[in-house]
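Student: Starting from the structure of chain G, add chain A where the hints point.
As given, the protein sequences belong to chains G and A, one line each in that order.
Heads up: the first sequence at position 18 corresponds to 31 in this note's numbering, and the numbers run straight through without jumps.
Heads up: the second sequence at position 262 corresponds to 275 in this note's numbering, and the numbers run straight through without jumps.
Don't read these hints as lab results, they were simulated from the structure.
Small disclaimer: the values here were computed from a predicted structure and weren't measured.
Check each hint, because a few of them may be wrong.
[Claimed, not checked] Which residues of chain G face chain A? A few of them, derived with a C-beta cut under 8 Å, are: (1) Ser79; (2) Ile111; (3) Ser231; (4) Thr250; (5) Leu254.
[Said to hold, decoys possible] In silico BS3-like pairs for lysine-lysine, Cα to Cα no more than 30 Å straight-line: (6) Lys340(A) <-> Lys243(G); (7) Lys341(A) <-> Lys244(G); (8) Lys243(A) <-> Lys341(G); (9) Lys225(G) <-> Lys106(A); (10) Lys354(A) <-> Lys302(A); (11) Lys106(G) <-> Lys243(A).
For every residue, glycine included, the Cβ atom is placed at its ideal position computed from N, Cα and C.
Protein chains: 2
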Amino acid sequence: MKIQLAPGPSELYFTVGDHLRQALREGIGSISHRSKTFEEISQIATAGLRQLLGVPPGFHFFFTSSATEVWERAIENLVEKTSFHYVNGAFSKRFFEISQQLHRQARAAEVPAGTAFLEASPIDAELIAITHNETSTGVAVPLPWIAQVREKNPASLIIVDAVSSLPYPQFDYSLLDSVFFSVQKGFGMPAGLGVWMVNDRCISKAEQLVSKGISIGSYHNLLTLLENSKKNQTPSTPNVLGIYLLSRVVQDLLNRGIDNIRRETDYKAALLYQTLQAHAQVQPFVQQKEWRSKTVVVANTGDRTHALAAYLEHHGFLAGDGYGALKKSQLRFANFPAHSKEQFERLADLISSFKAQ
Amino acid sequence: MKIQLAPGPSELYFTVGDHLRQALREGIGSISHRSKTFEEISQIATAGLRQLLGVPPGFHFFFTSSATEVWERAIENLVEKTSFHYVNGAFSKRFFEISQQLHRQARAAEVPAGTAFLEASPIDAELIAITHNETSTGVAVPLPWIAQVREKNPASLIIVDAVSSLPYPQFDYSLLDSVFFSVQKGFGMPAGLGVWMVNDRCISKAEQLVSKGISIGSYHNLLTLLENSKKNQTPSTPNVLGIYLLSRVVQDLLNRGIDNIRRETDYKAALLYQTLQAHAQVQPFVQQKEWRSKTVVVANTGDRTHALAAYLEHHGFLAGDGYGALKKSQLRFANFPAHSKEQFERLADLISSFKAQ
Numbered sequence: 014m015k016i017q018l019a020p021g022p023s024e025l026y027f028t029v030g031d032h033l034r035q036a037l038r039e040g041i042g043s044i045s046h047r048s049k050t051f052e053e054i055s056q057i058a059t060a061g062l063r064q065l066l067g068v069p070p071g072f073h074f075f076f077t078s079s080a081t082e083v084w085e086r087a088i089e090n091l092v093e094k095t096s097f098h099y100v101n102g103a104f105s106k107r108f109f110e111i112s113q114q115l116h117r118q119a120r121a122a123e124v125p126a127g128t129a130f131l132e133a134s135p136i137d138a139e140l141i142a143i144t145h146n147e148t149s150t151g152v153a154v155p156l157p158w159i160a161q162v163r164e165k166n167p168a169s170l171i172i173v174d175a176v177s178s179l180p181y182p183q184f185d186y187s188l189l190d191s192v193f194f195s196v197q198k199g200f201g202m203p204a205g206l207g208v209w210m211v212n213d214r215c216i217s218k219a220e221q222l223v224s225k226g227i228s229i230g231s232y233h234n235l236l237t238l239l240e241n242s243k244k245n246q247t248p249s250t251p252n253v254l255g256i257y258l259l260s261r262v263v264q265d266l267l268n269r270g271i272d273n274i275r276r277e278t279d280y281k282a283a284l285l286y287q288t289l290q291a292h293a294q295v296q297p298f299v300q301q302k303e304w305r306s307k308t309v310v311v312a313n314t315g316d317r318t319h320a321l322a323a324y325l326e327h328h329g330f331l332a333g334d335g336y337g338a339l340k341k342s343q344l345r346f347a348n349f350p351a352h353s354k355e356q357f358e359r360l361a362d363l364i365s366s367f368k369a370q
Numbered sequence: 014m015k016i017q018l019a020p021g022p023s024e025l026y027f028t029v030g031d032h033l034r035q036a037l038r039e040g041i042g043s044i045s046h047r048s049k050t051f052e053e054i055s056q057i058a059t060a061g062l063r064q065l066l067g068v069p070p071g072f073h074f075f076f077t078s079s080a081t082e083v084w085e086r087a088i089e090n091l092v093e094k095t096s097f098h099y100v101n102g103a104f105s106k107r108f109f110e111i112s113q114q115l116h117r118q119a120r121a122a123e124v125p126a127g128t129a130f131l132e133a134s135p136i137d138a139e140l141i142a143i144t145h146n147e148t149s150t151g152v153a154v155p156l157p158w159i160a161q162v163r164e165k166n167p168a169s170l171i172i173v174d175a176v177s178s179l180p181y182p183q184f185d186y187s188l189l190d191s192v193f194f195s196v197q198k199g200f201g202m203p204a205g206l207g208v209w210m211v212n213d214r215c216i217s218k219a220e221q222l223v224s225k226g227i228s229i230g231s232y233h234n235l236l237t238l239l240e241n242s243k244k245n246q247t248p249s250t251p252n253v254l255g256i257y258l259l260s261r262v263v264q265d266l267l268n269r270g271i272d273n274i275r276r277e278t279d280y281k282a283a284l285l286y287q288t289l290q291a292h293a294q295v296q297p298f299v300q301q302k303e304w305r306s307k308t309v310v311v312a313n314t315g316d317r318t319h320a321l322a323a324y325l326e327h328h329g330f331l332a333g334d335g336y337g338a339l340k341k342s343q344l345r346f347a348n349f350p351a352h353s354k355e356q357f358e359r360l361a362d363l364i365s366s367f368k369a370q
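Okay, chain G solo, but in the shape it has when bound (with noise of 0.2 Å):
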């Protein structure tokens, strides 16, 4: 089989089949989401969770069916009124557009695709939306410039989407209000399943926007959810399966050690970005090197990215294509913890021996 590199959904964590057939023989599909099975289950997954991420106390564990689905919860949950949104590609746009959407006063400071945010000002808004890694074109915000978003603006709740980070980045927790992501990226996992994290600054939001006789939503309100996660359950059927692989999977990567995820993250980035600036014909897209994503490498492939796409499917790479209007010109690549450094050492040949006619 192919390896799938597109950033998402992308290659199955290696181990994902074997859980999956040992799910199968335990009856997984059938229990009960109020069963202590499935308690169970949910508790592994979040602590475990929070041991891979570095997750202090005070922040609690949501699922969702999806990354998408936090974007509209945030909103309903966290502003009465005005939000503000970093925009620096399609997602991050996509986050401000759901603000709109939901009839919010939203703001965004945008800034053209390739490149990030220069110094943080400070900002009037209830809620700041920083999206960590921008996956439709590889630029990830450096971790001190969140904290001098914090810095600036110290009443404001502060989210960061981190997609296509986690669990890459570590954090500083302290400074954030919530963090989100999907598995079907760096957890090398089917899709279907999104993870929100919230502190208690952001549930005393919702119970003051509840207190002023604003709707919250429903079943998937952060006080439900909050409520329901305190027995480790979960407001309505969730994708259970997704949420035992989950479990399973983060065990696998508290095993490898998430120091080592990390270092391999950045030999793996390291070793494709310099066959990118080495290349004759292609190029990394993002030009500034502090904001280039260690996890989405985009490279400028121009008129030879069809042929290149190709090279690379011959020899069983299925490379990412580029993001929307950049689909024809650019390739993206993943370099999640499913990737091996071989894989990727072998796709850096494969990249430097490639020469288009």
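Tutor: The following block gives chain A in isolation, referenced to the frame of chain G:
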């Protein structure tokens, strides 16, 4: 492995394991939801469902994360001010409450658990919500009564919650505007996917709300769902594996034949109700025969509940607990296509021979 008779998540359809293994071999867990492969899978699933359930053209099929999500999306997209809910148990009540949580003027006709509704009358509401099969109590409303609700209310939109009855009922879809279900009940699949059918009156209603400046939600509003479904796509990354499994299970059910499935469901239900009626210590909960659900059979088991459940479990059957306050005095038995005639014959024998001290 024991046979799961809880009404959802319930027993997996016997082909699900093979389909999951095939999905792993085909790399379905890594495909993009924007790929041709996904579009084909999605098209096979919805075309198969249309054929299996006898849904006429003019109805659109959308994927959600659960039926619970449909409750919320239906209120957001189909109700400006007023919804009306026929309530006869916990799940019909939850739909009613969600409308209240979303600040609509929700009204309800509530009848005691174990009963359904008398003659329908004209109702002044934009949306009328009917729960075809109350999973908590084992009551199914008769199809002629649904026709009566339509007759008295030609202008209202009528939505039918068929979560724990489809694919069994043959609805007259020309009388309905929307029907929905989730896959972990009658379709014998792992939880994490809902299917929402709507007609063009629903689409028009959502358009009207938008033209009045009312928010209908974001990524899963009806207009965005429709736009994406025309390409056999979804607005956000869905449970791809779930949609794949649905496409396969629906083909299996088509091969078996919906008439056979309905006949077998009738046979198994008749057998179980007769067994309960003939028993000295346990009885059917629902008294009126025309209100007895064919797909979720509820038994009054009183202080024999634990003894009967333990006896059945010892012999390989996991009965479902009673719902809510009736957890310790009732048992629920799902009668889905995943449950064979032979299993029900054995179950009936076991119940007949059960005698508590």
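Student: Quick one, are Lys340(A) and Lys243(G) close enough, alpha carbons at most 30 Å?
Tutor: This hinted pair holds, its Cα atoms lying about 21 Å apart.
Student: Could you grab the alpha-carbon distance between Lys106(G) and Lys243(A) and see if it respects the 30 Å cut-off?
Tutor: holds (24 Å)
Student: Measuring from the C-beta of Ile111(G) to each C-beta in chain A, is the shortest one below 8 Å?
Tutor: holds (4 Å)
Student: Check whether the Cα positions of Lys225(G) and Lys106(A) lie no farther apart than 30 Å.
Tutor: holds (25 Å)
Student: Mind checking the alpha carbons of Lys354(A) and Lys302(A) for me, to see if they're no more than 30 Å apart?
Tutor: Satisfied, since the Cα-Cα distance of roughly 21 Å is no more than 30 Å.
Student: Does the nearest C-beta of chain A fall within a distance shorter than 8 Å of the C-beta of Ser79(G)?
Tutor: holds (5 Å)
Student: For a C-alpha distance cap of 30 Å, please report whether Lys243(A) and Lys341(G) respect it.
Tutor: holds (24 Å)
Student: Is the interface hint for Ser231(G) satisfied, with its Cβ closer than 8 Å to some Cβ of chain A?
Tutor: holds (4 Å)
Student: Per the CB criterion, is Thr250(G) less than 8 Å away from chain A?
Tutor: holds (5 Å)
Student: Given the hint that Lys341(A) pairs with Lys244(G), does the C-alpha gap stay at or below 30 Å?
Tutor: Holds, because 20 Å separates the two Cα atoms, which is no more than 30 Å.
Student: How about Leu254(G): closest beta carbon in chain A under 8 Å, or not?
Tutor: Because about 4 Å separates Leu254(G) from the closest Cβ in chain A, which is inside the 8 Å limit, the hint holds.
This entry satisfies every hint, going by the numbered hints stated previously.
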